[in-house]
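Using my numbering, the first residue of the sequence shown is number 15, and each one after it goes up by one.
Source of the hints: derived by calculation from the structure; they are not laboratory data.
Glycine included, C-beta positions come from ideal geometry on N, C-alpha and C.
Accuracy of the hints is not assured; some may be wrong.
[Unchecked claim] No more than 20 angstroms apart at the CA atoms, straight line, and that leaves these computed lysine to any residue pairs for SDA-like:
1) K189 <-> D62
2) K71 <-> L89
3) K92 <-> K189
[Unchecked claim] Label-pair distances were calculated between CB atoms; the ranges are:
4) Y37 <-> M185: 13 to 21 angstroms
5) I84 <-> E199: 41 to 49 angstroms
6) P159 <-> L122: 34 to 42 angstroms
7) K137 <-> I110: 27 to 35 angstroms
8) V193 <-> W151: 22 to 30 angstroms
9) M185 <-> C34: 31 to 39 angstroms
10) S40 <-> P140: 41 to 49 angstroms
11) P159 <-> I205: 39 to 47 angstroms
12) P22 <-> V209: 23 to 31 angstroms
13) W151 <-> S131: 33 to 41 angstroms
14) K92 <-> S28: 30 to 38 angstroms
15) G197 <-> A120: 24 to 32 angstroms
16) P159 <-> H126: 22 to 30 angstroms
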Amino acid sequence: MSYRSDVPSLQIDSDPEELCFEYTFSHRSNLVGYSKAVVYMSCPDADDMDVFVQLRKADVDGNILQNINIPLRDLQLKASEVVSINTNKYLGPSGILRASHRAIDAELSKPHWPLHSHLEEQKIPPGTVVKLEIGIWPSGIVFQPGERLVFKVAGHHMTLAEFEPLRGGFMTSNKGTHVVHMGGEYPSHVILPFVRV
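All chains should be modelled from the sequences, with the hints used to inform the complete structure.
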């Protein structure tokens, strides 16, 4: 599976070129803590990649949800009237990694949280598959039966802009297509911390 990595991102939660993988829950589940994405990726068009991942919650109808950070009674607004900026709405935990900085610091990393050394730049020959371990910020999300977890991968930031004038201003150095490899020798997966409450 692939996506175009260099499309402009307006950071309004409707950008194109995002890969989405879904899981539907059969029973109540509580995700609490740090998650980690392990993805095997390549880029036939460049020697580096900025990769963004995100976890989202979707309702039983598949609608991807947003969380309004301020109680509506205090805002005195309808949900549809709340401006879509990062200070007002939370979309879900995310992670970022530039592939040339994928080297792991083995001493400081934890099984659930990879720390990258950033001591050297390891460019990737175009088309070469590399393993990327991307830490995802901790969160707490409750899923009811029929609700879905959506894992997203893209070449652009998937959080909302901090302020409206900043929309479209976040730039990466991405070029061309990014390919996510899955199965066989490329076991791409996401590690998720579920707890019983």
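Does 41 to 49 angstroms hold as the CB distance between S40 and P140, or does it fail? 42 angstroms, holds
Status of the given 34 to 42 angstroms range, CB of L122 versus CB of P159: 39 angstroms, holds
Could you check the hint for me, namely that V193 and W151 are 22 to 30 angstroms apart, CB to CB? 25 angstroms, holds
Using the C-beta atoms of M185 and C34, is the stated range 31 to 39 angstroms upheld? 23 angstroms, violated
Outcome for the supplied range 33 to 41 angstroms, where the beta carbon pair is W151 and S131: 20 angstroms, violated
Can you let me know if the beta-carbon spacing of Y37 and M185 is within 13 to 21 angstroms? 32 angstroms, violated
Given a hinted range of 23 to 31 angstroms, is it respected by the beta-carbon distance of P22 and V209? 39 angstroms, violated
Distance restraint evaluation - I84, E199, Cβ atoms, bounds 41 to 49 angstroms: At roughly 47 angstroms between Cβ atoms, E199 and I84 fall inside 41 to 49 angstroms, so the hint holds.
Does the Cβ pair K92, S28 satisfy 30 to 38 angstroms? 19 angstroms, violated
The hint says 27 to 35 angstroms between K137 and I110; measuring C-beta to C-beta, is that right? 18 angstroms, violated
Quick one, are K92 and K189 close enough, alpha carbons at most 20 angstroms? 40 angstroms, violated
Does 39 to 47 angstroms hold as the CB distance between P159 and I205, or does it fail? 23 angstroms, violated
Checked against the numbered hints above, the structure breaks hints 2, 3, 4, 7, 9, 11, 12, 13 and 14 and satisfies the rest.
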